[in-house]
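Colleague: One-letter residues, chain by chain:
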Amino acid sequence: MIDITRLENPYGDDKVFDACGIFGMMDTTGTRFSGHDVVTGLVNQTERGNGLGSGYAIYGCYPEHADCYAFHVMFTNPGNRPQVEARLKSEFVLVHAEEVPHHPTPELHDAPLIWRYFLRVDEQHPMVALLGELEYVVSRVMEINIAGMGAYIYSSGKNMGSFKGVGFPQQIADYFGVADYEGYIWTAHNRFPTNTPGWWGGAHPFGLLDWTVVHNGEISSYGANRRFLEMQGYHCTMTTDTEVMAYAADFLMRRHALPIELALKVLAPPLWDDIERMAPEEQALMRTVRQIYGGLLMNGPFTIILAHAGEMIGLTDRLRLRPIVAATSGSRLFVSSEEASIRLVQQDLDRVWSPVGGEPVIGRLGQPLSAVPAPPVARQQQPLPVGQL
Amino acid sequence: MTFSMLTPEFRIERDQERCIACQVCVRQCANDIHDYEADEDWVYSDHSRCVGCHRCVTLCPTGALTVRENPLDFRRNANWTATRLRDIYKQAETGGILLSGMGSDQAHPIYFDHLLLNASQVTNPSIDPLREPMELRTYIGRKPDRLEVSRGPGGLRLETQMAPQLVLETPIMFSAMSYGSISYNACLSLARAAQRSGIMYNTGEGGLHRDLYEYGSYTIAQVASGRFGVHSEYLETAAALEIKIGQGAKPGIGGHLPGEKVSADVSRTRMIPEGTDALSPAPHHDIYSIEDLSQLINALKEATDYKKPVGIKIAAVHNIAPIASGIARAGADYIAIDGLRGGTGAAPTIIRNNVGIPIELAIAAVDTRLRQEGIRNQVSLIAAGSIRNSGDVMKIVALGADAVYIGTSALVAMGCHLCQKCYTGKCNWGLATQDPYLTKRLNPEIGSRRLANLIRAWSLEIKEMLGGMGINAIESLRSNRDHLRGVGLNQGELDALGVKAAGMG
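Respectively, the protein sequence lines represent chains G and H.
For the first sequence, my numbering gives the first residue as 1, with consecutive numbering after it.
For the second sequence, my numbering gives the first residue as 1001, with consecutive numbering after it.
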């Protein structure tokens, strides 16, 4: 029987209400670029945050350990680090461990101790044979996070990492020196929570394995989503609604092996009325998707940028109650809460558009961006110069 | 007649200045309370038999009648209340089991009234259901653990074969009320209203009148311990089948339709001799264990070619959670759970008022247990047992139900005034009776319109409340207990319901 009482709060709604600004950049050729533009774009949305959280996810940032799981572990109880490390060593092959480099930033306080561990899975481990490698890694992450050791693994993918904390975008960027890392996908988040306990684990991005999510909005269906995921053995420990989004992505695409376009239809499904107007085969497929995965429908206003190795996806709720702007320039895809952030870092854009509610924008490694569908009437490319209105 | 110590329950006051001796009351009262004296051109009332159904009051054209509780006060006693004394007088006179109609009227805690719903303010927008889509559609039936698709030349292909599902346009259905316990016109009203509203009604255990076969796709056909009216055509006609194990008003016991209510038509439909009592045994005589239940489920599925969902109706009893888990694993497509306050046409009063647990606690326990076992997707949960308004619907869905059954609310929509005398066959509103003089009082067209109005009104209210929470599909409320808070409940009750106290974040 699944022990769904093994949570910090079995029936609480520790979701954190937030508004937020989000910004994502991808180079679909896989060319890595520095975080300078990403930080500039996000800092331009400072108004969308209140200093209670910001973070960056970078894909391709650890080429020297590309085949290792990179665990970023936040210690709210630093005294437990030896214990956690001993546990990691018993469960994985530890390749390298170090404290995540950071720079003194006077505005930030309460910064927890953060270490990163580059780990390999021992294929001979009996549990690995039993569960499969990925499920093994996920279960270790869940176990440590709910073990009450004051240690939270908030980033666990290969050749990627999340850097986040309580502060404004510039402060967090300075603290971790994120502009010095290089990656081919960057997602970034500026947070405006209204009742946060102000803890570093609650900042975005959230991730599991190499899936990460940054999120603007509030998931009103959180309780239903959480109960669905708990039934599947996920434990929601980060006390925020965004967490369920990351676990849902992991559940649908890794565990249930759904193609991404279908998984996104679970999160933001077509209306029943629209399903009735579809061709019979598509109708049956969509109806079944909603029947089976109704508990993972993400209800309420949201825009998210989901990412994993090789893919970046922008998506809004069905009614598009939070802003999203997408743009392309050569091999680069931008997804942002605000158009201004994109134009600030890239003047020559091929296309700029506002995706339809519930319709994903997907950037895929090696796939030309001209294939990304946009509404038939893309918005005018250049805004009118000031003074001509 | 022997001397009775019982005093009248109600008192009829007739304003003689208003009364025009039109005799409407005389004709309307099946209890023969009102009497016209032609010599005096005067109507008398003998209120000793008044049940308080308000038929005469409602129909009196001059408003001359008032019915009050008889103000006869026993010496005040918190323990020996008037009802307890009266019950003893009745049993001392008759030596019998006391009967009641409708659900328990006792002051048990009503948890619905201690639960409050949430709404959006500022941090997320509420949704206006007049401007935005708001989805109440609900599918009842077993859902597979996962979706299987394959990629073909034409794109993704669905490989999953879904178990049969019932589609409801709103998560409300009419609860089981048999032909026999209620009139043909009441059954017809329910059937037509179900069709109009895109929902289901339930035959109860009385079989299905042939004239109602045309509403088959809106019909859930019950198979109960008496097996009344069960034949292959009956099973074929319905949209879903329901094995009735128990009922909230009388968990653990069977049913008894008095011979007086078994008219020629009821006899044909039930396949029993006219005028004989229809006795449903307490257990099904072929179900003495969960394995037996599983066999009957499979037998019904075989009989209908696996095209119809087969559900189980049980009463909410103490260990409801493991029972429901067993039923889910026995192959049921849905489980209908009927709580302590659930209605009935006739039940021993002592059982109605003392056996079972409230539906709110039962649904909370079952939903949690099925999730702990990882099998919540395998069955739909239907909650019954005094769903009084759309707020109750919202709360029970948030506790974990997929849909609700309404019985009493439906009867009230058709005119019932809850006098609790269904078992006498003298229903003045033409509902719980087979007397043709009484049944014709319910016009099925008007009855069905009133029922459909009720479903529409509740659905509109549900949409408003969902929109207020910032939710636009009912599935996002299901088991979403974050949207509930408790007031005036102790910690044990809050834990059982899985909700926080109001004010706790």
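None of these hints come from the bench; they were simulated from the model.
All residues carry an ideal CB built from backbone N, CA and C; glycine is no exception.
Some hints here could point you the wrong way.
Restraint ranges, calculated between C-beta atoms of paired labels, are given here [unchecked claim]:
1. H:Leu1116 - G:Asp273: 30 to 40 angstroms
2. H:His1108 - G:Ile146: 47 to 57 angstroms
3. H:Gly1252 - G:Leu131: 14 to 24 angstroms
4. H:Gly1252 - G:Gly357: 16 to 26 angstroms
5. G:Asp273 - H:Asp1046: 56 to 66 angstroms
Colleague: Falls inside 16 to 26 angstroms, the C-beta gap from Gly1252 (chain H) to Gly357 (chain G)?
Modeller: Hint violated: Cβ distance 52 angstroms, outside 16 to 26 angstroms.
Colleague: Taking the Cβ atom of Gly1252 (chain H) and the Cβ atom of Leu131 (chain G), is their distance within the range 14 to 24 angstroms?
Modeller: For Gly1252 (chain H) and Leu131 (chain G) the Cβ distance comes to about 45 angstroms; the hint is violated.
Colleague: Should the hint that Leu1116 (chain H) and Asp273 (chain G) are 30 to 40 angstroms apart at their CB atoms be regarded as holding?
Modeller: holds, 32 angstroms
Colleague: Could you check the hint for me, namely that His1108 (chain H) and Ile146 (chain G) are 47 to 57 angstroms apart, CB to CB?
Modeller: violated, 38 angstroms
Colleague: For the pair Asp273 (chain G) and Asp1046 (chain H), does the Cβ-Cβ distance stay inside 56 to 66 angstroms?
Modeller: Holds, since Asp273 (chain G) and Asp1046 (chain H) (Cβ atoms, about 59 angstroms apart) stay within the stated range.
Against the hints set out earlier in the document, violations occur for numbers 2, 3 and 4.
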